[in-house]
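Number of protein chains: 2
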Amino acid sequence: MNSNCEILTLADLCRYLKENDNYLVLTHASPDGDTLGSAYGLKFGLKKLGKKVQVICPDEIPHKYDYFMDDSECDFIPETVVAVDVADIKLLGNMWERFEGRIDLNIDHHVSNTHYAKKLYLDETAAATAESIYEILDELGVEFDTRIANALYTGLSTDTGCFKYGNVTARTHEIAAKLHAIGVDAADINRIMFDTKSKGRVKMETMVLNGAEFHFDERCMILAVTRDIQKKTGCSKSDMEGVASMSRSVEGVLVGVAIKESEKDVFKISLRTYDPLDASEICGKLGGGGHKAAAGCTVKGSLKQAKAAILSAIKEALEEVDARANITQ
Amino acid sequence: MNSNCEILTLADLCRYLKENDNYLVLTHASPDGDTLGSAYGLKFGLKKLGKKVQVICPDEIPHKYDYFMDDSECDFIPETVVAVDVADIKLLGNMWERFEGRIDLNIDHHVSNTHYAKKLYLDETAAATAESIYEILDELGVEFDTRIANALYTGLSTDTGCFKYGNVTARTHEIAAKLHAIGVDAADINRIMFDTKSKGRVKMETMVLNGAEFHFDERCMILAVTRDIQKKTGCSKSDMEGVASMSRSVEGVLVGVAIKESEKDVFKISLRTYDPLDASEICGKLGGGGHKAAAGCTVKGSLKQAKAAILSAIKEALEEVDARANITQ
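Residue numbers (our numbering), protein chains in the order written: chain A, 1 to 329; chain B, 1 to 329.
Please note: incorrect hints may appear among the correct ones.
Any copy will do: because identical chains look the same in the list, a pair fits if it lies in one copy or spans two.
[As the list claims (entries may be wrong)] In silico DSS-like cross-links for lysine-lysine, where the CA-CA straight-line distance does not exceed 27 Å:
id : residue 1 : residue 2
1  : Lys18     : Lys304
2  : Lys268    : Lys119
3  : Lys268    : Lys64
4  : Lys118    : Lys304
5  : Lys18     : Lys203
6  : Lys118    : Lys203
7  : Lys47     : Lys285
8  : Lys315    : Lys199
9  : Lys268    : Lys197
10 : Lys315    : Lys51
11 : Lys48     : Lys315
Calculated directly from the structure, the hints in this document are not laboratory data.
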């Protein structure tokens, strides 16, 4: 934690955004709907106030987000660097060293935020960073249009599993209502985000489910997407999103694990948990982190070793939970 | 259509509900979250106004709805019969003949409503009947509590695919926001409704996906749940819900078909379509009906015959769409 990081209120933040210009907005690597929706929503909003804004994403942006993209060139020299939905400077991926110590402003909603920026607006009660961006633009008096609404709705909807998860509050729905009133293309967005699978994805799901493993009295389900499965089904990186949610969807399962072989002998593990388990705590044991119900980590070695490592961390957590349950009985 | 059916405004309806008492509230057969959530929400609300209310469901209520059920006995003689979310008297299943001509009031949101009741409150713009029930109870000055909120949220959320579909409006989210403020157990409800599959269900999905068929340049996907699959996976009726949505979730698919063998040589077909296809029109050709994006019909014969029948109806619809596209080109 950087103790020099200045914490901003909404009013401070809006003053700052008005006073500065020539914004470079950064998203996190492996971009998702919230980091992109927030970055582009902020861009379109600030442009309405006459500001110059460019978004940079460390990785290629999946085509499914095309509906709110613009292809404007950067015709100015960036002065103010803003990271949105980026909890840790390292989440800038291949760009983190370039920007270390150079992030002027960070707008985020992750409890795990490391306070790496000079100034931070952090609303941990927001279901998505896009929720904060809506409030910021509203406070700045921006006139919303469909494109802004589509970008922000994408953030709201993807970070909440389409309003399904425990992070949703009355405010989330209130903002969604406002975005509907503006004319957001919600059904089309949700179709793209939640209900569109490639044929390869369907094949991948079938293969992954065939290899499903259950552990600890069926309280843990493991799904593995090996490189072999990826090759056989031709699945892209974005085709593989959501396997973690599949792993948690079986009755009685408290912790779902998706293990993806990202390169030879490197496994990205995504955890999804239900109360009282804490995914971020479990992944923390293996050098990862995230939220209480969703977290991740990376393990090197064979698939067998990766499974053993995460199973051992889960075993500890389940034993603690069982011990607590015995005490309170 | 019964031309003697009196159409009520919200004010008329509230007056009627205040003036009458001893309500028997009917849900449709094969009950879903909206008919049950609306019926129980109405019951709990009217009871707060001192009314006597009993809910009757033509079929057994699946256990997943237990969290808003009560087991109060009927200690009064019913006087006023109200059908909620029941578009057609025949949807009362084994009870329709008993109640034909005897439904005093029908509260519904289906465009296909047949006006069978003496009085009808029909809001076709409501995403769910539960949306109307919320407005009715609010208008009646009912003090909402968590149980009412849980019942109504269940209706809202299940009829919109958790706020995912095109029927969602700003009002849907506004009501969801109000229910959150009341303290609805949204995440738990959504977990039960959308993210909890039995192990048998997961096995069934895997088997069904293995047998997936594509037709008409991959614009149509067919998933069949034969009795053999049902037997091998031990899936219950409610375990089989949602196969229709799976059938529409593949890229490029305009019409998804789920064929379930409900008894020997009887196939229940569920259709899910995207614009410009009209599911209700296609199913209408085989004596069924429903909404534009979701409809159903029943076909007798072999699986092969059932497939042929629905494929022929879909072919016609696709040809019309293609013809229209050629004209406008």
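The hints, checked one at a time:
no. : hint            : result
1   : Lys18 / Lys304  : neither (53 Å within a copy, 66 Å between copies)
2   : Lys268 / Lys119 : neither (31 Å within a copy, 59 Å between copies)
3   : Lys268 / Lys64  : within (23 Å within a copy, 34 Å between copies)
4   : Lys118 / Lys304 : neither (42 Å within a copy, 67 Å between copies)
5   : Lys18 / Lys203  : neither (50 Å within a copy, 56 Å between copies)
6   : Lys118 / Lys203 : neither (46 Å within a copy, 51 Å between copies)
7   : Lys47 / Lys285  : neither (43 Å within a copy, 52 Å between copies)
8   : Lys315 / Lys199 : between (36 Å within a copy, 22 Å between copies)
9   : Lys268 / Lys197 : both (21 Å within a copy, 25 Å between copies)
10  : Lys315 / Lys51  : neither (52 Å within a copy, 52 Å between copies)
11  : Lys48 / Lys315  : neither (52 Å within a copy, 48 Å between copies)
The structure fails hints 1, 2, 4, 5, 6, 7, 10, 11 (numbered hints given earlier, in ascending order).
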